[in-house]
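In order, the protein sequences belong to chains A and B. For our numbering, add 6 to where a residue sits in the first sequence, where the first one is 1. For our numbering, add 1 to where a residue sits in the second sequence, where the first one is 1.
Honestly, the hints are just simulated from the structure, not real lab data. One or more of the hints may lead you astray.
To be verified - Restraint ranges, calculated between C-beta atoms of paired labels, are given here: (1) A:K53 x B:T95: 48 to 58 Å; (2) A:A142 x B:T160: 30 to 40 Å; (3) B:E88 x A:S161: 16 to 26 Å; (4) B:A206 x A:K53: 34 to 44 Å; (5) B:P142 x A:I337: 46 to 56 Å; (6) A:Q173 x B:K188: 48 to 58 Å; (7) A:E14 x B:E162: 44 to 54 Å; (8) B:T160 x A:E411: 35 to 45 Å; (9) A:L144 x B:D247: 48 to 58 Å.
To be verified - Non-contacting residues of chain A with respect to chain B, defined by C-beta distances greater than 12 Å in every case (computed): (10) R228; (11) E284; (12) H298; (13) G409.
Virtual Cβ for every residue (Gly too), placed ideally from N, Cα, C.
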Amino acid sequence: MSVKLTEEMLTALPDARGHFGAFGGRFVSETLMDSLMTLEREYLRLKNDPEFQATFDKDLADYVGRPSPLYFAERLTRETGGAQIWLKREDLNHTGAHKVNNTIGQALLASFLGKKRIIAETGAGQHGVATATVCARLGLECHVFMGADDVQRQSLNVYRMKLLGAQVHAVQSGSRTLKDAMNDAMRDWVTNVEDTFYIIGTVAGPHPYPLLVRDFQSVIGRETRRQSLEKTGKLPDALVACVGGGSNAIGMFYPFLTDESVQLYGVEAGGHGIETGEHAAPLCAGRPGVLHGNRTYLMEDDDGQIASTHSVSAGLDYPGVGPEHSWLKDIGRANYVSVTDEEALEAFRMLTLVEGIMPALESAHAVAYAVKLAATMDKDQMVVINISGRGDKDIHTVAQLDGIEL
Amino acid sequence: MSRIEGVLQTLKGQGRKALIPFITAGDPHPDETVGLMHTMVDAGVDIIELGVPFSDPMADGPVIQLACERALKYGTSLRRVLAMVSEFRKTNDTTPVVLMGYLNPVEAMGYEAFADAAVKAGVDGVLTVDLPPEEADDVAPMFAKRGLDPIFLLAPTTTDERIRAIADHSSGYVYYVSFNGVTGAAKINVDEVAAKVAHIHELTALPVGVGFGIRDAETAAAVGRVSDGVIVGSVLVDTIARNQTDIDALKRALTDLLNPMREALDSLAS
């Protein structure tokens, strides 16, 4: 099923209770409801406030270094032998990933709300670093929750956060990855709700988070649209982005949703392969359920217990996904696919060798799929890959898989 | 009149307060839960809140998180919890049982299938902590129609407007969370609780149970003085954790915890 989306349909979503069709909503314990409603009210007011928007835009330009380039990967295109492959270089942002677009916006919101204490969850550590960065800049107290396993595999980012003045809390419960970090962040928030602002790093969580994170990240797609028209005189034929929670993907997709000619591909983490069950691909292989404040596709067992996930990439190792992606899947506007750890690692090496650009392992998933896709397309067509982050943080992981100790 | 309403009205007529224990079903082992429920009834409790274990108990502190892990290790599914209630009902048809947990296991089972099975098993009320009334427009009336009391939380941060709306969706009782935090934290302020519960009583005729932070006879009495019932969870679950290998010792320990609370609450009787 595919539905033609119009601007009117999009502005009506999410609805007043945060729903994207059957997905989204606000499923949290009562203690947090008042805070979420206040946040929603204030955000909807500030969204149209010229001073807020001007500050946000100025920070994106002068602090983050936007706009990020749209780069024609000429050699990769030649090697692939199909459609032109272009890269949206979010890896060139300050802190090395798209995450900072959102943390700038939310920290600004926190300041407007007068909250001095910031908490965040992180998987790969990119969102933790981006949060610690804006907190350092604004002089805010910062606590980052990170699964104990992720603390191990992303030690570089842990140290970066500490240098930036954040306290990193290693979460020992559950599967000791991103979902458990989010559980503990919620527990901290419910305890300190009066003075604490929770900067959620992805387009999941209770309303209004999926809305405001999408709005802050949409700068990616808006720039891509403009740059594409400037450089090629047309819109891309396909956009490819990796999907964990889905913030870089929704940021890329959203400004193109009404452009029917633009195909959208979200690439989930196939881990050891969908058939093995060891993956993190709820849109490809999960079903709808409720976790972390929203209804969305989840990886769960028959009894509704959340399943353990696996991905070589900590940032994609999450059993849920933003509710707007669930909606885009069900209406058929976006395609959700997966690539395995192995394919992603191969793409990491290829982009590094062929273009001299080392992508984050998360983004390497998008590269892996995009190369396959481009090969099936005509030479006059155009594919844009969102390179959501840079791969420096993953060098230890890759070296370890090569049996090299650094 | 539901079993919950009946019990609470009787207590009110006697000028007494409800003692409502919470344990996680399947902890320390699914075979022991029904026995523990009977032990608690023998110790004088009025209503039992039975926790349905969930892999991601976001509103709970470490004590109940670990209880969920123990219960899940033995495959304590929602269906298995319902079977425990059926078993309990074979010899007890007076003590109300409220299932308390998170939404996803219910969603996975299917709301109507769950409600039918719960009624059949002898469940009296359902409290899903991550289901606010805004998302319960269909579910709460469907539960109520079948005779399952939908029970919702109120918190220190709940506005008057929401207290009224939540009370409209509720039957049986409302559960007032005594402080901003997770279960098992020890930061209850009895004066603040008294003021808020008195205010809630002005806004709804439903009985108000207070939970979070009640750990002994003293805190039970202090909270019982200002509410219609006290809900005791983490201290019981912690006792289960510490006695998980010796069930007889565990039953004695639970009785030793609950007896003084019962006495302290009854000493308030007017």
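For the hint 16 to 26 Å, verify it against the beta carbon of E88 of chain B and that of S161 of chain A.
50 Å, violated
Has the hinted range 44 to 54 Å been met by the Cβ atoms of E14 of chain A and E162 of chain B?
Violated - the Cβ-Cβ distance for E14 of chain A and E162 of chain B, about 31 Å, lies outside 44 to 54 Å.
According to the definition I'm using, a residue is off the interface if its beta carbon is farther than 12 Å from all beta carbons of the partner; does H298 of chain A meet that for chain B?
Given a closest Cβ separation of 7 Å, the condition is violated.
Is the nearest CB of chain B more than 12 Å from the CB of E284 of chain A?
Since the minimum Cβ distance to chain B is about 17 Å, E284 of chain A lies beyond 12 Å and the statement holds.
Taking 48 to 58 Å as the hint, is the beta-carbon distance of Q173 of chain A and K188 of chain B inside that range?
Cβ of Q173 of chain A to Cβ of K188 of chain B: about 21 Å, so the range 48 to 58 Å is violated.
Could you check the hint for me, namely that K53 of chain A and T95 of chain B are 48 to 58 Å apart, CB to CB?
55 Å, holds
Honestly, do T160 of chain B and E411 of chain A meet the 35 to 45 Å range at C-beta?
57 Å, violated
Beta-carbon spacing of P142 of chain B to I337 of chain A - inside the hinted bounds 46 to 56 Å or not:
29 Å, violated
Beyond 12 Å from chain B, beta-carbon-wise, is G409 of chain A?
34 Å, holds
Given a hinted range of 34 to 44 Å, is it respected by the beta-carbon distance of A206 of chain B and K53 of chain A?
41 Å, holds
Just tell me: holds or violated, for the beta carbon distance of L144 of chain A and D247 of chain B against 48 to 58 Å?
Because 54 Å falls inside the window, the suggested range holds.
Does the Cβ distance between A142 of chain A and T160 of chain B fall inside 30 to 40 Å?
Between A142 of chain A and T160 of chain B, where Cβ atoms are some 35 Å apart, the hint holds.
Violation of the numbered hints given earlier is confined to hints 3, 5, 6, 7, 8, 12; the remaining hints are satisfied by the structure.
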